[in-house]
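Order-wise, the sequence lines are chains Z and V.
Going by our numbering, the first sequence opens with residue 361, and the numbers climb by one from there.
Going by our numbering, the second sequence opens with residue 50, and the numbers climb by one from there.
None of these hints come from the bench; they were simulated from the model.
Ideal placement from N, C-alpha and C gives every residue a C-beta, glycine not left out.
All clues given are correct.
Covered stretches of chain V (in silico footprint by chain Z; criterion: 3 or more residues with CB under 8 Å from a CB of chain Z, positions within the stretch not fixed):
1. 86 to 96
2. 236 to 250
3. 275 to 282
4. 294 to 300
Below are the chains, spelled out letter by letter.
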Amino acid sequence: MSALLLAEQILNGLQFGVMLFLMAAGLTLIFGVMGLINLAHGSLYMIGAFAAAGVAAATGSFMLALMASLAAAAAAGAIIEVVVIRRLYARDHLDQVLATFALILILSEATRWAFGSFPLYLDVPDALSGPVVLPGGIEYPAYRLALIGIGLVVAVGLFLLIARTRIGMQIRAGEADREMIAALGVDIGRLYTLVFALGAALAGGAGALVGAIQSVQVGMGEPVLILAFVVIVIGGIGSVKGALVGAILVGLTDTLGRTLLPVLFGAFLDPSQATAVGSALASMSIYILMAIVLVLRPTGLFRVA
Amino acid sequence: MKLKTLLAAACVAAVGSAAMADGAKVGMITTLSGGGAGLGIDVRDGFLLAIKQSGRDDIEVVIEDDQRKPEVAVQLADKMIQSENVDVLTGIIWSNLAMAVVPAATAQGKFYLSPNAGPSALAGQGCHPNYFNVAWQNDNLHEAAGAYATQAGYKNSFILAPNYPAGQDALTGYKRFYEGELAGEIYTKLGQTDYAAEIAQIRASGADSVFFFLPGGMGISFLKQYADSGVDLPVVGPAFSFDQGILQAVGDAALGVVNTSQWNKDLDNPANVAFVEAFQAEYGRLPSLYASQGFDTANLLISALDAASVSDADGFRDALRAANFDSVRGDFAFGPNHHPIQDIYVREVIKEGDVFTNKIIGTGLENHSDAYAADCKM
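Working from the sequences, and respecting the hints, build out all of it.
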């Protein structure tokens with residue numbers, strides 16, 4: 361394997377990782393602040409992608425589509441929080457899992473009812489279509505490069521929001537002691553709705569961004585949801601920094617595992633066996649990573665106290 | 050007076066029993082919700098169109114949604130066999146669901162007509178006299194793709210498929226008829242949505258062509274990312290990733306891609322011309338491969354019911370085996386293992402106005418059976 365190919369695969373892993381971060385950030389914030397396990401987070405990702413595909417088909421503008429995905433997912437998130445989730449904070453995790461699982465089914469079938477059973481079309485904007493040549497001669501799709509950039513900008517923005525603003529202070533306080541900040545006069549209900557909508561918007565935006573290079577269809581959120589849970593378990597539940605590090609670790613492990621393991625086994629097995637064993641092991645690689653992290657740091661890499 | 054009443058009663062009874070003998074109750078288990086719903090809906094719509102066109106009101110179709118879950122499909126099949134008392138089962142899209150349902154159903158004496166799934170296990174040693182596949186054996190379209198690659202003079206293919214039984218069958222099928230070298234062979238994760246790593250390997254491999262089998266959303270993702278990557282090697286695949294239902298979602302990325310199918314909407318035979326027109330009139334969209342398979346399945350059933358009563362199992366089986374119906378694919382016959390012997394065509398993705406669709410450009414394999422027929426003893 362050449363150095364060039366390896367560099368390209370590292371970029372691929374990074375891109376996969378930052379997109380996972382957008383999903384995982386919302387999930388970890390919601391869990392950290394409200395103590396809520398939200399299985400319907402993948403549905404918000406799907407809602408974002410469908411909103412983007414709908415608006416892109418109607419207007420032809422990718423920017424508008426992206427805006428629409430953020431708005432639609434945030435609105436859906438706020439409505440879900442007020443109507444359903446609010447009743448679940450005092451309940452135990454099993455009730456939360458059951459209720460949010462029901463939301464997955466309801467939202468999937470509602471989307472299918474509204475948009476039909478066939479996948480929708482959403483393409484990358486013309487300005488970013490096709491490859492660009494990077495220093496060193498790597499030919500890399502411009503859109504994926506843009507995704508890495510957007511993901512990192514969102515990550516920085518989120519850190520600033522949480523570390524430097526009043527809302528961020530309330531979010532951190534909410535994680536630490538929700539009774540106390542309620543007693544200090546912060547409208548905790550409003551704060552919860554806000555955090556939920558923020559997490560939803562991040563997921564929706566990720567859905568739209570990734571939807572352009574994947575398939576916009578019902579059920580697209582669930583595979584990503586599972587990976588996002590792996591990410592927040594690795595990173596430490598409730599920690600945005602952990603979500604970023606975990607997401608990039610998972611992205612790199614998955615991508616490099618897929619490409620390197622078959623090559624590795626090829627050194628001492630015949631090609632078809634090496635492919636079979638290598639790809640079987642590659643699909644387990646991130647779970648092995650999770651297991652190792654949990655053995656060494658049972659609360660994840662950056663667990664918020 | 051008494052005699053008259055008796056006669057009338059006898060007549061009613063005779064008419065009633067005749068209707069009972071000729072009609073049938075069909076249980077359709079197919080995927081109508083979730084990500085794979087497009088396929089099941091097309092099979093169902095094609096099937097119901099044929100029943101409607103036949104004008105027969107003595108064929109009752111019970112339709113249930115399997116949600117693409119084997120355990121749900123098994124429960125539905127039990128319910129249909131035990132409490133609904135259906136005569137014939139059909140509808141299953143996915144091979145793993147077919148493996149869960151078909152052997153048990155045929156063992157209980159029910160007929161099963163497959164409108165889609167054709168796992169190799171049911172074509173070879175696991176074949177059954179009451180199991181008929183109206184679509185294809187799973188390997189068929191991939192074999193035709195391999196034959197096409199050989200015809201087109203490709204010498205160094207890069208091949209990939211998901212790591213599950215149908216994916217392994219696909220690569221095996223391709224290699225059975227492809228005579229060149231392999232630049233690389235990859236099994237991806239089932240349900241994988243990001244193919245950047247694989248595309249980078251294709252670019253680095255020095256291949257002259259790419260064969261892939263990635264059904265549903267996986268194929269959409271792969272093609273969009275492939276088109277965006279700047280790799281411009283010719284792509285060959287089975288029809289599943291280039292079907293009417295998903296082509297619109299792939300868009301320009303699919304243009305010019307060569308794919309293999311036993312059916313296309315431009316096949317010039319009277320049955321197909323009428324089918325394409327009637328399907329569009331009824332549902333307002335172009336029919337897909339799956340719709341054509343559903344339509345053929347229903348017409349096979351109707352032709353068999355015309356010839357024999359479903360309660361006469363041997364007669365009905367012979368009538369099914371005769372395949373005496375006008376298939377929308379043109380020539381159609383069953384091989385010894387009750388799987389089709391048919392031509393498999395090579396199609397190219399084109400754009401007609403605003404709609405992406407396929408055009409036949411040649412024939413990959415003629416009168417093609419399958420590799421497992423010899424293992425079938427019945």
